[in-house]
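Asker: Fit chain B to the supplied structure of chain A, relying on the hints for placement.
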Amino acid sequence: MTARFVRTQKEMEGRYEDVWALVDESDDVRTWAPDAELSLVGQPAPRFDGMVRATGRARYTVDVRLTGMLHAAVLRSPAAHGRVRVLDIEAALAAPGVRAVIGPESELSLTRSSPLLAAEPGYAGQPIAVVAADTLEAALEGVRALALDIEVLGHVVDAREAVNEHQFIGEPADDSRGDAEAALAASEVTVEVSISTPAQLQTPLEPHAAVASWDGDELIAWVSTQGMFAARDELAAAFGLRKDAVRVRTEFVGGGFGAKQGAGFEALAAAELARITGRPVRLVNDRHGEMLDGGRRFSTQQTYRLGATRDGTLTAIEAEAVLAMGQGGWAMPTLVPARTLYRCADVGALSFPARTNLRPVNAFRAPGVMEGTTVFEQAIDELAIALEMDPLELRRRNHADVDQASGLPYSSKQLLACYDRAAELAGWDRREELRTRTGDGLLRGMGCATQIWWGGGGPPSHATVRLDAEGNAYVVTGIQDIGTGTLTSAQIVAAEELGLPLARVRVVGGDTRHNVYGPVAGGSQTTPSVMPAVRSAAAKVRKTLLQLAGDVFEIAAEDLEMANGRIRSHDGAIDAHVTEVTEKLGNATIDGSGSRGPNPDGFVVHTFGCQIARVAVDPGLGEVRVERIVAVHDVGRIVNPLTASSQVEGGILQGMAFALTEELVVDPTTGVPVNGHLDDYKVPSIADVPEIVIDYAHVADQNLPNTGTKGLGEPPIVPTAAAIANAFAHATGRRAAALPLTRSQVLETLA
Amino acid sequence: MVELQVNGQRYQVEPAGRRLLAVLRDELELLGTKLACGEGACGACAVLLDGKPVNACLLLAEAVAGHEVVTIEGLSGGRAAAVQQAFVAEDAVQCGFCTPGQVVSATVLLERVPDPTREQIHEAMAGNICRCGTYPKIERAILRIAGGA
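The listed protein sequences derive, respectively, from chains A and B.
For what it's worth, the numbering used here labels the leading residue of the first sequence as 1, then goes sequentially.
For what it's worth, the numbering used here labels the leading residue of the second sequence as 1001, then goes sequentially.
Pairwise CB distance ranges (calculated):
(1) A:Asp158 / B:Asp1050: 49 to 57 Å
(2) B:Asp1050 / A:Arg65: 24 to 32 Å
(3) B:Arg1010 / A:Arg85: 50 to 58 Å
(4) A:Glu470 / B:Asp1050: 41 to 49 Å
(5) A:Thr544 / B:Glu1068: 56 to 64 Å
(6) A:Asp35 / B:Gly1147: 32 to 40 Å
(7) B:Glu1111 / A:Arg85: 54 to 62 Å
(8) B:Gly1051 / A:Val693: 35 to 43 Å
(9) B:Ala1126 / A:Val152: 36 to 44 Å
(10) A:Thr670 / B:Asp1050: 42 to 50 Å
(11) A:His698 / B:Ala1126: 33 to 41 Å
Every beta carbon over 12 Å from chain A, so not counted as near; a handful from chain B, in silico:
(12) Gln1005
(13) Val1013
(14) Leu1059
These aren't lab readings, by the way, just hints derived from the structure by calculation.
Backbone N, C-alpha and C fix where the C-beta goes; we use that ideal spot for every residue, glycine too.
The shape of chain A in the complex, shown without the other chains (with noise of 0.2 Å):
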């Protein structure tokens, strides 16, 4: 391998870095062409891992169990803002089975910048104390003896008011351009939306779960999380090991959608118990602890201001996000939408990012993106009321040449022709139609919005692949298979590079022991930075195949060719199957190792869509039913249609949720929510599952090495919300000022 450094610029949910990345200079495997004739990739494939799933025989974290294992229970706070006074440690440690207890005054083996338990906790439900016992009934009698006492102290929940208080996590973050304030002055048309948006909570089903086990000063941990390499790394660097001496299993996860980034605290806690106890400890959130602590997406308070032209050039943007952080994280990019959706040159962007008692807001599938797409879009829809024009007329008219905040070209864009395909398969052009009907009785009424997201992933990633004998490759990646479907993407590539059947290609991931990299499951990376990889590693077997092939047959390697197990000279002559050559090898192998390249220089790289949702409204009841909902997005090449489609399919039922009954509803006069079970913060059931229609652009990027692919896992959640709220006001007439769009809700914006 000839091997180069080139500095390439890295990009995870709108965050971007300039790293280092390890070029293969002989890796010469162009990006398919977009005519190419593939056999496999593009083609509907259940998952490899489906029966082993629904059989139940799919061991996740929390069924790890282990010779000698504790069990852990946390002390989580009962108030939003308090300060220990009164915690019983040596109880605790004297009640039957409890074998470790640590506290906020604890040495702890680990360091960590921030204290892995609080004496003075931010937030209800933050950890103060966890112990493990024999059983997780001792252990929660341990929790009970600690009996704490906790004085309460003063919280915020009302973001406004911690804005108007200077209370900030970081700083305010100014994106304006242009002078938005004089462009909205010299407008000839101009509307103003002010919306606000809900806590929404990531609710995996599998909770925030950890084991772990120490052997001497090496440390294996099976972890329920999106980043077991990010896990490991955390490990190592709390406990000051060698990275190599953290081992983390991931096999199976039962969901994250952004929640699970790294080692998190259960798996520090268990590790750090098993240390003091010289036994595994498993840690494992009730749902109680999951919702209060598990994470949730901020609730906002958006405003914007828009100017255009009477034919709908839009001339300015004027935006303003208040977002409820709670006591730490990143101030996701929820103006993104305002500032690149669109051709604008004045646009102001104010983000306040304000600290609440809530737990720090972290990731949940498109963060950000999707929050403020859900009110830029219905402020885009209020203009095209004011203008009396078609709104999908008018995001046409104002669609983005190029990137509107770095002004470089896309690597590639369909959006024009999903907008298109959209209204085709909704019957856009019927729209008006809808309203007059009212035999039921309901309020029918078709929304649209746009979506953008990046989705391009990048370098590194790795795979090897690993050819035997009796034909069959074993490929080794770093994927963590949240429920995706990546691994058997994985396995589609690499038997179309190899020429192989699906069933000879053996695809695993979830273990960090290979060294074998893979990125964090989140930002739509997997797909477009792991496929790249594969089909390197699967090309260099292929190559070597055919060079043996060659030396067999006594025929150049370049006259030949493999497909579906058979290595075929394309002159005819030659037509034997894979193991003909193979079995000559015994016990030897054939091996790759590929690597995800850089991304292309002078190009910015997004993910786009259309969706158009139909709903019926009950005014009587304040009841909105979403009847049919279509989408078309723009994610390159599509490597497994069907596991697509269940991505689009489960992305639009959160964003359905998010915009009609999903929220954490805090007590003002507490600070604790209020709704933290599944029986009573409303997560869809089937019967709530509209008609889903989809397609794609069906575009490959041929910017991007070297599938052409790219992330589909957090574009279909994105325009959902804002496409129903946008059909509610046009069945309506009337445009709600916060959502979920609840019963309550719809019958105080009817009023």
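Answerer: Just chain B now, with coordinates in the frame of chain A:
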């Protein structure tokens, strides 16, 4: 001690106030039945009690003595196998954590109503939450079996 009958086997267990789910998972190591909410709100712990789907998280273990319990591990043949194959073929499986419970409920539905309508599917399956949102695929999987039966 009480005697439990699970998947056709008899077990002597000390219920000690525990829920059936805790006994299944922690004592019998039948780990396919999942604990997701423990509040009877999600169906991840669905098992069959005398052929009817119940949430094992809300049942006291001693209350099921003398009754027949079947978990996902005991549902391997016949209609359940067809349900599992259809779930995989239609990709009604994402993270898979809720899937055993979904399979239990879908199997019982199809035994009761071999050719269910969409409404019957929604009614029978509404107690099984899937946070990944596989619902459209679950519906298709059930209809696929009904159509092929």
